Each structure stands twice: as C-alpha cells, then as structure tokens.
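A.B. asks: Here are the chains, one letter per residue:
There are 2 protein chains.
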Amino acid sequence: MATFHYNPHISVDCVIFGFDDEKINILLIKRKQIDKKVYALPGDLVKKGEDLDVAAARILSELTGLSNVYQEQFKTFGSPDRIQDPADIEWLKSIREHPEARVITVGYNAIIKTNDFEIHASSFAEEVMWHPIEKPQKLAFDHNDIANTGWAMLREKIKREPIVAFNLLPKKFTLRQLQTLYEAIVGNELDKRNFRKRMLRNKFIVPLDEKEQNVSHKPAQYFAFDKEIYKEDFAKDQWFLF
Amino acid sequence: MATFHYNPHISVDCVIFGFDDEKINILLIKRKQIDKKVYALPGDLVKKGEDLDVAAARILSELTGLSNVYQEQFKTFGSPDRIQDPADIEWLKSIREHPEARVITVGYNAIIKTNDFEIHASSFAEEVMWHPIEKPQKLAFDHNDIANTGWAMLREKIKREPIVAFNLLPKKFTLRQLQTLYEAIVGNELDKRNFRKRMLRNKFIVPLDEKEQNVSHKPAQYFAFDKEIYKEDFAKDQWFLF
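Line order of the protein sequences matches chains A and B. Going by UniProt numbering, the first sequence opens with residue 1, and the numbers climb by one from there. Going by UniProt numbering, the second sequence opens with residue 1, and the numbers climb by one from there.
It should be emphasised that the hints constitute simulated quantities derived from the structure, not laboratory data. Since the structure is predicted, the reported quantities are computational estimates derived from the model, not experimental observations. Treat each hint with caution, since some may be false.
What the hints assert, rightly or not - Below, computed lysine-lysine pairings styled on DSSO-like, alpha-carbon distance capped at 27 Å:
1) K159(A) with K159(B)
2) K192(A) with K135(A)
3) K203(B) with K197(A)
Chain A with its partners taken away, still in its complex shape:
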C-alpha cells in the first residue's frame, strides 16, 4: 500500500457528535478487518506537509463522507502505550508502512444535526454509523479515552457558549424540544418547571406569536434564538461575571 506520503508519527482522530432531535450520537466507523468487528473513531495519519486542520477535514470526509463540518482541536494524546490491543497491532501491520511507529494523535471535535448531513463509508471504513452515546461501545486504541475527553470538553464549551446547543434546534422550537436537547447533553432528566423558569431568564430566547399546529396534545408555543441579543449578552466584558 502506498502510504509513503504520510507522516507515520502524527494522526488526527475526529470525535463527531450528532443530535437527531432525541439523543446525542457519536460517529463511529467499523474497520475493514477480516474476522473482527472493531469500532473506532474516524482517524488516520496526517500527510507530509499537510496542516492539522486540513488533515482533520480530509480524514473525516474520506472515511465517512462528512464534509463542511467545523471541527475544533481539543487535545493531543501522546501516551507511549496507546497501541496495545493485538487486534489493533494486526490491523496496523496490514495497512501501515511503519506499523511500529509511535503515533501521537490530535483530537478534533464537533457537534452537528444528524439530519443535515449524509454519511457513507469509504477508504478503510467498512461501515459508518451514528452510535448513541448512552450505550457503551469498546473502541480501538485509546479511542474511548479520546471520545470521552472530546465529549467532556464539548459539554464545557456548551456551558460557556450556549449558541453551540441552540444551533442544533430548528429555527422555531418549543420548550419541550429545548428540554429534550438539554437532557440529552446533560445525560439525565431535568425538572420541567425549574428548567423553563431558568431558561426563560435568558433574553435571547424569544417567544414567537405562533403555536404548534396539527398536534394531538395541547399546542405549545414556539420560541426562537435571537443571535443579536445573545451576542450583546455575551460580548460584554465577562471578567466580572463570576
């Protein structure tokens, strides 16, 4: 296999989360590996002369068909014993020119609406799927650690920058939809009354003069996320917000 134009020491792993209007999923691939079913994050070596951000976009697209996803670097993983599982070693031998090389991997993460993107497996990915984050799944190498860290850091980012969450909602949404999203992010149920009370303190959540139509339950009011108000609120000098 002609891998001579890859840098054998540096890889990128993509930790991509997708909200499907109900729950959060993580994008996984199944490797082409005879007799074995090994799930992994989409990830591969960086090319010689290739920038890290460029590599992250290329690798994600090559393996999963996803493109135009804004990925952010969150952490680099460089433990010398990242590769220990015999199945991983066997796979590296089948695909890499320097399977024994120590590989340091740069983690990138993102969260998107699953419905906005199509995925299809290619390159060494036999399958690609959205896997619910609440279901544990053993992954190759240290990918469980990378995935968990990527999720923890994304949650921290959402706390600081709620716009990341609101981007996952339709333009007009009900408070039930908003709560479903936040419950998926937080990972447990939230008290409805308390949630609504506290959420509506935020002036960037604007009530619309419109209700749900053709629903069997009592039609709920729609709300919208106001980017301008949000920006004003968050553009303030935040040094003293604590």
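Using the hints, position chain B against chain A.
C.D. replies: For chain B alone, kept in the frame of chain A given last:
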C-alpha cells in the same frame, strides 16, 4: 550529539507566565547560538516512550530550573511551515540529528508567582528570564503565535475559573492588590469604583478584621479568598448560569 533517544517529530513548548505583584511576565530562554541573540520559549523534543505531560515537566526543568509547576496542555501546533527563519534552521542543524524533520509541537501553559520559584539557565539555554508580556519580543519559530495563543487561552480559563487568579495573591490582600492583578491580566486600567463594587459581589472574597500596617497612605482593609465558598458557588450545576 547523542540525540538518538529523542522522537524527532514531536516537541513540547512551555508557555509559562509569572506574576511579580505588578505585571505579568513570560518565561523566555536565549539560545546558545554564536553571534545571534535568539529568544524562544523553553521547548524541546519529546523522548521516545515519554508521555507528553512528563516531557513538558522535564523540558521546563532542564532549560529553566523550574519544577513542580502544574502545566496544562492547551493546543498543538502543526503547520508544515513552522520552521522558516534561517537562524532557526542553522540552530536546528547544530543541535538535532534530523534537523529537516517536520516537528509538531504540543503547547503547555501555566501561571505562577515569580517570587515562589527560582530560575536558572541550563542545557541549550544560555539565559533564562521573565519578560514583561506588554513588551513585544520576536521569538524563534512560530513561538510568538504559540505564546499569544497560550496567553489568550489562559485568560479564558481565568474568566471561567477565577481561582487561577486568586492563587497569585498573598493569603491576605487589599482591593488595590486585587485590582493591580486584574489590570495586569486584562491589559488595561480598570475603573476603581466599578471594579470594587462588582468584585465584592462575589461572596468568596471575604473581608478580614485587619488593616495594612506601617504604610504612608491610609491603611487599606485586608481580604481573603475563601476556597470553600468559591467551591460551593462553582460546584453548582452551571448549565443554567447563562
């Protein structure tokens, strides 16, 4: 030079800030390079089989004498054209076995009280110094970018976790000392009245029954940072703080 036990592709750069009760400084080294005065961040190659965090501690200590500093990884820099300056290339040729190798560098940052630590140059550092961040200084490689990013990310961290700033103050401090620190971090003067009003909203800043002594001006009251109150305030579920 016996550099065979180094991984020629991965380095660590340490972006260490120090508060000297007046201003914020960055820790720089001057390289041993004949005829040339090149300032750089303390940084070097990672050893084969060495963990990144361990490498960061070792490299900082070897070049600057600083140890027991809690450094945090903040970003990895992997632009393929990181090395362009002829002075840098010349220096790499004099010290590295593979001076042409593409090196990806992992940035670590920290902020400490300069008075708590002694520094002394060793290894390939000819000098080591605390350099005021307000004075621009051209650095080797892409170290200006690394230093600026490290500072920006540390400031963001201080916004989220003010304890990082309060750790830089003496156990009892005046509001003037607190303001000096924050002005150094923010990079400009702050309105005294407004600063005090907003700061004292934080219950973790506790007034002490004690004033300055032997000062020529009107003695100011001392305050203390209460870690327990701070923890309670910040341990709350912060999902709805916005």
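A.B. asks: Hint by hint, say whether it matches the structure.
C.D. replies: How the hints compare with the structure:
The suggested pairing of K159(A) with K159(B) holds, with an alpha-carbon distance near 13 Å, which does not exceed 27 Å. Distance hint between K192(A) and K135(A) is fulfilled; the C-alpha atoms sit about 25 Å from each other, no more than 27 Å. Taken as a hint, the K203(B) and K197(A) pair is honoured in the structure, with Cα atoms around 24 Å apart against an allowance of 27 Å.
No hint from the list above goes unmet by this structure.
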